[in-house]
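Trainee: Based on the hints, put chain B in the right spot on chain A.
If you read the protein sequences in the order shown, they are chains A and B.
Sequential numbering from 1 applies to the first sequence in my numbering.
Sequential numbering from 320 applies to the second sequence in my numbering.
Since the hints were derived computationally from the structure, they do not count as laboratory data.
As the structure is a computational prediction, the values presented were derived from the model and not from experiment.
Glycine residues also receive a C-beta, built at the ideal position from the N, C-alpha and C atoms.
Careful: at least some of the hints might be erroneous.
[To be verified] Label-pair distances were calculated between CB atoms; the ranges are:
hint, chain 1, residue 1, chain 2, residue 2, range
1, A, A204, B, A380, 28 to 36 Å
2, B, F485, A, A207, 35 to 43 Å
3, A, H201, B, A604, 57 to 65 Å
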Amino acid sequence: MELAPERAARKPEALASGVPQRLGDRVFSGVAKGAGIGILVVLAGVAIFLLIEAWPAITAPAERIPGGEGLVDYIAPLAFGTVLAAVLAAIIAVPFAVAIALFVSHYAPRRIAAGLGYVIDLLAAVPSVVYGLWGVSVLAPASRDINAWLADHVGFLPFFEGPASVTGRTMLVAGLVLAVMILPIITAIAREVFAQTPRAHEEAALALGATRWEMVRMAVLPFGRSAVISGSMLGLGRALGETMAVTIILSVSGIVTFNLISSSNPSTIAANIALDFPESSGIAINALIASGLVLFAITLAVNMAARAVINRREKKEGR
Amino acid sequence: MSASSWTWEDHRVLPTWAPWAAGGAGVAAGLLALLAGVALVVAVLVGAAATVVALIPWSLAVEGSRRARDRMVTLTVTGAFALAVAPLISLLYTVVSRGIDRFDGALFSESMRGVVGEGGGVQHAIVGTLVITGLATLASVPIGVMTAIYLHEYGRGGRLAKAISFFVDVMTGIPSIVAGLFAYALFALIFGPGVRLGVMGAVALSLLMIPIVVRSTEEMLRVVPHHLREAAYGLGVPKWLTIVKVVLPTAFAGIVTGVMLAIARVVGETAPLLITTGAVTSVNANPFGGRMENLAVFAYNQYSNPGVPRDPYIARAWAAALTLLLIVMVLNLVARLVSARFGVRQR
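Here chain A stands alone, though its shape is the one from the complex (with noise of 0.2 Å):
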């Protein structure tokens, strides 16, 4: 069914280059190449306007840059945090969004599986900024005895160290809310090509007795291992580069350090340049430019892999 469109696809093609080519056709179709070459255009403009703009920061002397350290000093402890936050939120994400997908694939009654899959997608569409004022007003308070327990208890993990936060601006809540951002993402893929497991696979598993997680094992999760990589990349992809959230929740302090529930946390590239952007003006303005784009080369690095992985996969199955 999915390849049937496809292969009529080509048939029209012939047809078309047969028809003599008009006016209109050459304009419309020179329009339409001229979009996409635009678009190929304005990627390539953004890496370099933010090069050029970054450009007076990279040159210019150490003390010159804020911390008085240099640039690289500058940028690596929020590339740190930066990475530590998106991490964090995709080891959360990804069993749940695996979960999620299969109870929506395999396990959730037809009739409501759609309904319930366009729950989880509607956690996509809440903006950022709304993420931020829920987390630091009800989930932050929330983490507060959990912060103080985690210390007590767990304390002697580098990432439960302590001391606790009081007011629950921590990393770990941080993580928490961005991994519930991400989780929609990693499940609409993850859940898309679980559905496509072929049919024959699943019925011979069954039919030689297995129950349905056995046939899931079996059948569902091989098929749809690499979908569950890409689309956790694309979550991690989407964790780096989210801002609000991570700038209204997180207390920071700009040290480099893997406790999770303390009240001095790493900041992220993305929250930094929303916090001080506005206020900031000469080199600065620069500096926070050049982070940024240290952070779309870092985005960029892994939504190509992410994709390659896809795309290699779709080749494949000759899609």
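Mentor: Just chain B now, kept in the frame of chain A:
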């Protein structure tokens, strides 16, 4: 299972009501715990544990380990779904209960001009939202739709089309703040550093919208039946007229849905506007005439820079968040309805 050891014992299964009974036991245990005065989170955990304890050993005793494991997984994935819905419910409840205070007539009929403390509204932020998002839509829809037409109708399989397709996908992953920085960098080169204009925000937002429009339009062009195109070609209609008069009208509802979802995605953007359009207190409808503010930035500013007393500012932030959430939900709902009602009939 060899034939000699097979007995009816192997086929004993729990009655179909067993999971429901276990779930009921779990709910009862959770309610009891709640009555005993523990926190909601703990009560939910107690309920979940009770469900597992009620079902799994029973299944293990009657059905054996394979089916018990199967039931455990079913409980896990169901629980994961329930747990994921919890933040959505909590969030909706929080926004509605805290935002309803200031969700009044004054909110929509007044701006923040000269307002200190109580009162004031979001009129300027609504105007800002409409102008910025509207401009972004005007810019991204033609570019997005034409690109999708190129990708699906003209460039199929070519190297340029593949490159564009790949980078459109990559573009969906651009962090919104980077889009904002791009708009700033672009305009700073023209107008000098420190520039803040509504149109800059529109540029940033269209960067985020274009890939969404391209993807959804392409998806819709794909489901337009090919016999429609063939019929048009057969009548000697040129290809471009076929696209304009046959393909686009057929896919129209789907394209509208995609555009609405794209609008819903960017209407609540804060970060890129924070650094491009700045903040403002009075109504400004001119995208080239200085600072503007949208609802999301308004909510953020009210929350992060409250005056004294703090409460009216926080209340306004929540009211703005509620307004924003309503806009986004309505856009999503209408988009689904449009695609369900007028979408291309697929067999």
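Trainee: All hints, please: hold or fail.
Mentor: Hint check:
no.	hint	result
1	A:A204 with B:A380: 28 to 36 Å	30 Å, holds
2	B:F485 with A:A207: 35 to 43 Å	41 Å, holds
3	A:H201 with B:A604: 57 to 65 Å	58 Å, holds
Against the hints set out earlier in the document, no violation occurs for any number.
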